[in-house]
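**Student:** Protein chains in written order, with this note's numbering: chain F, 64 to 450; chain S, 64 to 450.
Hint data in this document are derived by calculation from the structure and do not stem from the laboratory.
Please read all numbers here as calculations on a predicted model, not as lab measurements.
Please note that a few of the clues may not be correct.
Said to hold, decoys possible - Distance condition first, Cα-Cα at most 25 Å in a straight line; then the derived DMTMM-like pairs of lysine to aspartate or glutamate: (1) S:LYS79 - F:ASP272; (2) F:LYS366 - S:GLU372; (3) S:LYS106 - S:GLU84.
2 protein chains.
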Amino acid sequence: MNNFNLHTPTRILFGKNAIAELRAQIPADARVLITYGGGSVKKTGVLDQVLSALHGLDVLEFGGIEPNPSYETLMKAVTLVREQNVTFLLAVGGGSVLDGTKFIAAAALYPQDIDPWHIVETRGSDITRAVPMGSVLTLPATGSESNSGAVISRRSTGDKQAFMNPHVQPLFAILDPVYTYTLPPRQVANGVVDAFVHTIEQYLTYPVDGRIQDRFAEGILLTLIEEGPRALAEPENYDVRANVMWAATMALNGLIGAGVPQDWATHMLGHELTAMHGLDHAQTLAIVLPSLMNEKRDTKREKLLQYGERVWNITEGNEQQRIDATIAATRDFFERMGVKTHLSDYGLDGSSIPALLAKLDEHGMTALGERGDITLDISRRIYEAAR
Amino acid sequence: MNNFNLHTPTRILFGKNAIAELRAQIPADARVLITYGGGSVKKTGVLDQVLSALHGLDVLEFGGIEPNPSYETLMKAVTLVREQNVTFLLAVGGGSVLDGTKFIAAAALYPQDIDPWHIVETRGSDITRAVPMGSVLTLPATGSESNSGAVISRRSTGDKQAFMNPHVQPLFAILDPVYTYTLPPRQVANGVVDAFVHTIEQYLTYPVDGRIQDRFAEGILLTLIEEGPRALAEPENYDVRANVMWAATMALNGLIGAGVPQDWATHMLGHELTAMHGLDHAQTLAIVLPSLMNEKRDTKREKLLQYGERVWNITEGNEQQRIDATIAATRDFFERMGVKTHLSDYGLDGSSIPALLAKLDEHGMTALGERGDITLDISRRIYEAAR
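Here chain F stands alone, though its shape is the one from the complex (with noise of 0.2 Å):
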C-alpha cells in the first residue's frame, strides 16, 4: 500500500428531509449567496425549501451556472460576492453548480490584480483562502459535495480543466435522495456512469495491496450495477435512489484513492470531447474507457482480471478472453444505462482527432495514466478505437 494523508472533512447530512439541518450549519450572521443551475431547482421546488430553511438569514441568489460551468459566467458571480461581501456561499444542485461555486469561492478572495483564470492554470495550487461553501445536493455524480476538486471551462478558448484545493472543500453536503426523484433519466444515467468511472479511474491500476480500498472500491461498482438500472426503472424507489447517491459521494471524497495508484486518463480523454463537441461529461468517459481498457489490458492485467472475476463474475476462459469479456461487460453496463460508448453514436466520425490531441498537448496532458505511459500516440489509437 502507498503512503497517503486523508482528510474528508465535510459533514454529510442524508436522509428524507434533511434539509432540516441546513440552518445549524451556517453561521447567523452570514450574508448567504445562493448559487445554482438552470431553475431546475425552482420547478422542483427545492430552491423553495432552502429558502424557507434559511428565512431570517441575509440572502442573495445566483442562477444560470450551466452543466460544464463557465468561467464567463462565474465571474459575474465573483462580482456580486465582491460587491455584496457574500460571506457564505451555498450552492444548490449537481456537480457543475457544486464545482462553480467552489471556483466562485476562491476566485472572490483571489488577488485583485491577477485574473481568477491563473486559478485553473495552477491547478488551484497557489490558493490560500476561499468563501467558506455548503452545499445541496440534487443530482449524485461528481463527489464534488464532499471533494477539493472542480473542474471548469472557458468557452472563448474551447478549454476544461480541473482544479483542486482544501480550502474549497464544502463544509457540509445536504444529501436528500428525494430531491432526485425527478431527475431527467438522460442525468441519472449520466451519474451513474460517472460515478463508475471514478471509481475505477482509483482501482482499475496496478495491485498495490491496498484490500481494504480495492474492497470499497468494488462495492461501489457492485452497487452500482444492481441500482443504477433501478434507479431509471423505478424513479420513486427511495432505497435505490439513497444507494445511488451514497455511492456517488463515496466515489469521489478521498476514500478509496487513498493508497493506491490512480489513472485519471479516461477523464482528460473526455474533457477534451466536452470542450470541443459539447458532449455531456459521462457520454465523454462511456466512449473512452472500454477503448482505454482494451488498449491498457497489459499494463492493467490483473486488475482487470480481478475487476472482472469480483464484480462481473468472470471466471470462464483464458486470461485475454476473461479480458475480452469484463472490457464487454464494462461497455454493456453503460450503454444498458443508455449512454452510448462510440463517437459515432453522436455523430462524430473521428475526423477532429487530431485537433483534440493538439488539446491534449496543449494542457500537458502527454504522459497519462497511473504510469505515465499514455503518451500522445497512445492517446490516438484510445480514441480511434472509440470510433
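Based on the hints, put chain S in the right spot on chain F.
**Tutor:** Below, chain S without anything else, positioned relative to chain F:
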C-alpha cells in the same frame, strides 16, 4: 436506508515514516502533553521518534495509562494538565491510551466543582469543550484514533463504561504500520478480533438495504480474515500490517455504521466481563459474539445468511444449517487467531453470571441490541451458552 449525520474530520497520515508529518499538525506555540501506556513505546523507540519530531516544542510526558484505562490513573493526568496549562494532548499508543486521553481532554476543562466521572455517567452528553488532541497509533484495534468515543473503567467500583462527544475526536492520527511489527502476538490477535466485532456490531442486524454500508463492512471482514492470520505468521510483512491497520480504523470511524441499525450488545456484555474478571476486551468479545449470534439467529436471520454467503462463501444446506456453519466459521476464526471463545477457557465456570447481570442492570443495559430486545434474561442465556 436510515437517515444519518456523518462527520469524519480526523486527518489520517498513513504509512512508513508518517511521523515526519507530526510536527506540522501541532500549533507551534502549543504546550504539549504526550500520554502513553506501560512503557512499550520507550522500548520500541516510538516515543523517541515522537520527541525528536517535536524537538523545540514545549513538551511534557505522562506515562502509565493501563489497559482498560482507569479513572484513578487518568485523574492524575487531569491534575497535571490543569496545573501546567497544557494546550495540546498527544496520545502515543493503542486504544487504551487514546480512550484515556479523550477522558483527560474533556475532564481537564470540565467544571471544577463536578467530579469528572460524571462525564462517563452522562455518556459524554454534557461535554462542551476539550483540550485538542492528536494521536500516534501503535496498536490497530479500537478505531479510537478517528472517532469520538472512549471506554473508561473505575477500579474502585468495578465499572467500565463508554462515553462519546465530538469535542474529544482526535484532530489527526499518525498510522505507521511499521510501529506494529513489535507487538506481542496476543495484542495483534486481540486487535483483529476487536476490529472484526466492531464491524459485525454495525452489520449483523436487520437489513435496511444499505448496500454501500454492507459491501464496505464485508470488505473489512474479508480483509481481516485474509490478513489476520498472516499478521501473526509474518509480523514484518508491511502490506499485511498496513491492511490490518487500515481495516481497524475503517471499522469504527462512523462510516459503515452511518444509515444502518447497530447492535453493540456483544460489547456491553463483554465490558462487564472485563470489569469483573479482568479479561482482555477482545477475549470477552470472542466469548460473547458466537453465543449471541446463536441466541439471536431468528431476528438476525437475513443478515446471518448474507454474511455467511458473502464473507464465508457458505451456500450449501438449508437456512438453519447455513447459519450454524456461519457461526462455527466465526468462532473458528477467533480460535485460529488464538483468542478462545468459551468462559471455561479462561477458568470461569459461569458462577458469576448473576453478578454480571446485576452490573448490566445497574448500568441500564436491559434492552440491548438493534431492536432493544436483549433483556437481562436473554443476556443470561447468552452468558450461559458461552460457558
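**Student:** Check each numbered hint against the structure and report the violated ones by number, ascending.
**Tutor:** none
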